[in-house]
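S.K.: The primary structure of each chain is shown beneath.
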Amino acid sequence: MRVVHYLNQFFAGRGAEGAASLAPERMAGAVGPGRGLGLEGLEVAVTLVCGDDFFGEHETEALRQLLAWLDEEAADVLVCGPSFGSGRYGYACGTLAREAAQRGIPAVCGMHPENPGVPAAAGAAYVVPTGERVTGMRDALPRMAGLARKLGEGAPIGAPDAEGYLPRGLRHNVLDERPAAVRAVDLLLAKLAGTVTSEAAARPERVPPPPPITDPAGVTLALVTESGLVPIGNPDRLESNRARAWLAYPLRGVTAFAPGAYESVHGGFDVRAANADPNRLVPLDAVRTLESEGRLGELHETLYTTTGNSTPVATAAKFGVEIAQRLHEAAVQAVILSGT
Amino acid sequence: MATLTTAIERVGIPAVVVTALPTIAAMAGANRIVHGVAVAHPTGDPERSPADELIFRRRLVERALELLATPVSAPTVWEV
Numbered sequence: 001m002r003v004v005h006y007l008n009q010f011f012a013g014r015g016a017e018g019a020a021s022l023a024p025e026r027m028a029g030a031v032g033p034g035r036g037l038g039l040e041g042l043e044v045a046v047t048l049v050c051g052d053d054f055f056g057e058h059e060t061e062a063l064r065q066l067l068a069w070l071d072e073e074a075a076d077v078l079v080c081g082p083s084f085g086s087g088r089y090g091y092a093c094g095t096l097a098r099e100a101a102q103r104g105i106p107a108v109c110g111m112h113p114e115n116p117g118v119p120a121a122a123g124a125a126y127v128v129p130t131g132e133r134v135t136g137m138r139d140a141l142p143r144m145a146g147l148a149r150k151l152g153e154g155a156p157i158g159a160p161d162a163e164g165y166l167p168r169g170l171r172h173n174v175l176d177e178r179p180a181a182v183r184a185v186d187l188l189l190a191k192l193a194g195t196v197t198s199e200a201a202a203r204p205e206r207v208p209p210p211p212p213i214t215d216p217a218g219v220t221l222a223l224v225t226e227s228g229l230v231p232i233g234n235p236d237r238l239e240s241n242r243a244r245a246w247l248a249y250p251l252r253g254v255t256a257f258a259p260g261a262y263e264s265v266h267g268g269f270d271v272r273a274a275n276a277d278p279n280r281l282v283p284l285d286a287v288r289t290l291e292s293e294g295r296l297g298e299l300h301e302t303l304y305t306t307t308g309n310s311t312p313v314a315t316a317a318k319f320g321v322e323i324a325q326r327l328h329e330a331a332v333q334a335v336i337l338s339g340t
Numbered sequence: 001m002a003t004l005t006t007a008i009e010r011v012g013i014p015a016v017v018v019t020a021l022p023t024i025a026a027m028a029g030a031n032r033i034v035h036g037v038a039v040a041h042p043t044g045d046p047e048r049s050p051a052d053e054l055i056f057r058r059r060l061v062e063r064a065l066e067l068l069a070t071p072v073s074a075p076t077v078w079e080v
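Taken in sequence, the protein lines are chains A and B. Using our numbering, the letters of the first sequence correspond one by one to residues 1 to 340. Using our numbering, the letters of the second sequence correspond one by one to residues 1 to 80.
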C-alpha cells in the first residue's frame, strides 16, 4: 500500500510562521508525525508539504502541484495532518483531502471538529476528530492510521461512530431487528442520558446579510480586528493564541497606527511586516483620510481587538456578542473587520 | 473572524471582512468580504513603495465601504 502524507511547514520541520509562505515541496519517506504513523504500522512513502499561508493565498496553484504529485506517486491513500485546532492548516488538509477523494484517492484527515477544515472536506474525505492542541497527537495517530489502512486496502468502512470519524452527511439504509417503537424509546433514553452518538450536528447558523448602508458619508463606522493589534508593550496582556478576552482601545486623536506605538501579538503569523506598519492590519490611516475628506461620516472612537488564533468557536461567539452589544449601544452603523 | 462578523451582523450592523482567506470567511458565514493582500498584512503590501501602499490601502477601504453600501444576498467576495 502506497501512503502519501500531507504536512504544513511547521510539522515538516521547515520552520514556524516565518516559513508559512513556503511553496509545495515533496519529500521522500516519513517526516515528523509521519514517523508516528509508521509506529502504528502505516509506512509513509512520500511526504507533501506546503506552507499554510501559501495554501490559503494561492489555493489553485498549491492544489495543482500537490494533486499532480499525488497522481505521480500513485497514492493508495492520502493522510493529512493531524491539524488539531489550527484553522489554516486544517483548511489546507480538508481541501486537499476533498480534492484527492473526488479524484478517487481515499483520504483521511485528523482535526478538531470545529476546525474550518471539516466543512472544507465536504463529506468527500474522512475526518478523524482530535483534540484542539498538539498534545492530542498520540491519541490521534493510531485512529488515523487505522482508518487510513482500511481505506488503502479498499476494505469496507462502517458507520462514523463505529470507525471513529465525523459524520459526512451521508445516509445508508440498514435493517434493524428492533421494531420502530423500541428504537424510538431507546433513542429517547440515550438522549436523556446524554449518550447519543448518532445525532447529526447542527449546521453553523447563517445570519442573513443586513441591509446595506445608504451612504458612507453619513455613517459611523467601527474598526474591529482579530489580528492581535495592541498598544506597544501589550499593556493588557492579550494572548498570542487562545485569547481569553477582547480589548477596547481609544482611537480619538489617533490618525494612524504608528510603528513603535502599536504592535501585533498574534502568534499565528509572522508579525514583522505588520509591526513595521500596523496600518497593514487595521487600515486606520486610510480611514482617517477618507473621514477628513468627508467621504466617510465618522470613525467610532474605539478599536475592538482580539487574537483570532486557535480560538474555540464558542469563545469567539461570546466575544462577538459582547462587541456587538457595545457597537449597538454606540449606534455604530457599519463595521470593517480585518482578519488574518 | 467570521464568528465575530456573524455576531455583529445579528444585531443588524453590516460588517465587511477584509481577509486574505476569503473562502474560509465565506464558508464560516461572512456575507461581505474584501480580498486582503496576505494573512500577515491583510490591509497593506510591503512590496509597494510607502506612497503606493497608502494609495492601495485607501482603495481597499473605499472598496470595503462600497461593498457595505451594496445589497447582497449570499457571501460576496470583492477584489480590491
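Rather than coming from a laboratory, the hints here were simulated on the basis of the structure. Keep in mind the model is a prediction, meaning the values are calculated, not measured. Any given hint might turn out to be false.
Stated by the list, open to error - Distance windows between CB atoms, simulated:
1) B/Pro46 to A/Arg244: 30 to 38 Å
2) B/Pro46 to A/Gly233: 37 to 45 Å
3) A/Gly233 to B/Arg59: 54 to 62 Å
As the list claims (entries may be wrong) - Facing chain B, according to a computed beta carbon distance under 10 Å, are these residues of chain A, among others:
4) Leu247
5) Tyr249
6) Leu251
7) Thr302
8) Thr306
9) Gly308
Built from N, CA and C at the ideal position, the CB exists for glycine as well.
S.K.: Answer holds if the nearest beta-carbon of chain B is closer than 10 Å to that of tyrosine 249 of chain A; otherwise answer violated.
M.R.: violated, 16 Å
S.K.: Quick one, is the threonine 302 of chain A hint okay against chain B at 10 Å, beta carbons?
M.R.: violated, 14 Å
S.K.: Is the shortest C-beta separation between threonine 306 of chain A and chain B less than 10 Å?
M.R.: holds, 8 Å
S.K.: Does the hinted range 30 to 38 Å hold for proline 46 of chain B and arginine 244 of chain A at CB?
M.R.: Given about 31 Å between the Cβ atoms, the range holds.
S.K.: Can the hint on leucine 247 of chain A be confirmed by a CB-to-CB distance to chain B that is less than 10 Å?
M.R.: violated, 13 Å
S.K.: Quick one, is the glycine 308 of chain A hint okay against chain B at 10 Å, beta carbons?
M.R.: Holds, about 5 Å.
S.K.: Taking the CB of glycine 233 of chain A and the CB of arginine 59 of chain B, does the distance hold inside 54 to 62 Å?
M.R.: violated, 32 Å
S.K.: Identify whether the interface hint at leucine 251 of chain A stands, where standing means a beta carbon of chain B within less than 10 Å of its own.
M.R.: violated, 15 Å
S.K.: Return holds or violated for the Cβ distance of proline 46 of chain B and glycine 233 of chain A against the range 37 to 45 Å.
M.R.: violated, 23 Å
Hints 2, 3, 4, 5, 6, 7, counting from the list given before, are not met by this structure.
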